[in-house]
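J.: Below, each chain spelled out in residue letters.
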Amino acid sequence: MSVEINVTGEVVTAFLGGELDHHTAREMRETIDNAVELNMPTLLILDFKDVTFMDSSGIGLVMGRYKNLTKSGAELHITGAPPQIYKMLRLAGIEKLAKLEGR
Amino acid sequence: MQVNNKFSMTLMSRSANESFARACVSAFATQLDPTLEEISDIKTAVSEAVTNCIVHAYDNKPGNIYITAELLEDNSIRIKIRDRGCGIENVSRAMEPLYTTVGGERAGLGFAVMTSFMDKVKVISVPGKGTTVTMIKKISRRFNLNA
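One line per chain: the protein sequences are A and B, in this order. For what it's worth, this note's numbering labels the leading residue of the first sequence as 1, then goes sequentially. For what it's worth, this note's numbering labels the leading residue of the second sequence as 1001, then goes sequentially.
For reference, chain A alone in the conformation it holds in the complex (with noise of 0.2 Å):
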């Protein structure tokens, strides 16, 4: 499990990077949490590129900072998921909330 955090200008990126469930998912919130919270973007982007599993641990990392970013007006883009990650995405109708990119 893995969380690189990139600043540019207004955007947070945060690269995902490994296994996302119940156990991991509490550092990987922690981390972007507080560059959020360091950094007050309008925009959080979630890349999702290297994540190699996910379980609705996952469905629950993305509705949580999608609550926390509508309080600041600032959206949520999810980007790079892999198939499997996309299916998991789609069946918990994420588009509602945030931006699916690259599919």
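Please keep in mind that the hints were generated in silico from the structure rather than gathered at the bench. Everything numeric in this text was worked out from a predicted model, so none of it was measured. Even glycine gets a Cβ: it sits at the ideal position worked out from N, Cα and C. Do not rely on the hints blindly, as some may be mistaken.
[To be verified] Here are some chain B residues pointing at chain A (derived, C-beta under 10 Å):
id, residue
1, M1012
2, R1014
3, S1015
4, S1019
5, L1036
6, S1047
7, E1048
8, A1094
9, L1098
10, A1112
11, S1116
Please arrange chain B on chain A, whose structure you already have, making use of the hints.
T.: Then chain B, alone, in the frame of chain A:
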């Protein structure tokens, strides 16, 4: 249905075992020559069921999780995941998408994911005694170039 192969294991209800459990079951399932997508579906469903045992059945306290996987003669895998935790009062309600009894960031999608990614999901629960989730996934027989 004839059982061609079987394995069982007992795990402590620790979140670090979520990845271990899904890796074990999916490694066993490779004997049926599944596609990457089928393997990923099995991994995800097992992960959901085991997480439910840890978060709900045992409420993050110590307990045992019992997993049995069987390879059946029709090229399917039957996976049983059982706990001796708190049980579920209303199974059909628990299986509704987005329904969750805990706060934090649980999406309430565990059973919806299992149902969607597996061919059959059966849940038997006795409040105060525990829950057994039985899931079946049929693995497609792929064209064999050497046949």
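J.: The structure should be examined with respect to each hint, and the outcome stated for every one.
T.: Each hint, compared with the structure:
no.	hint	result
1	M1012	13 Å, violated
2	R1014	8 Å, holds
3	S1015	4 Å, holds
4	S1019	6 Å, holds
5	L1036	8 Å, holds
6	S1047	4 Å, holds
7	E1048	6 Å, holds
8	A1094	14 Å, violated
9	L1098	9 Å, holds
10	A1112	7 Å, holds
11	S1116	6 Å, holds
Consistency with the previously given hints fails for numbers 1 and 8, ordered from lowest to highest.
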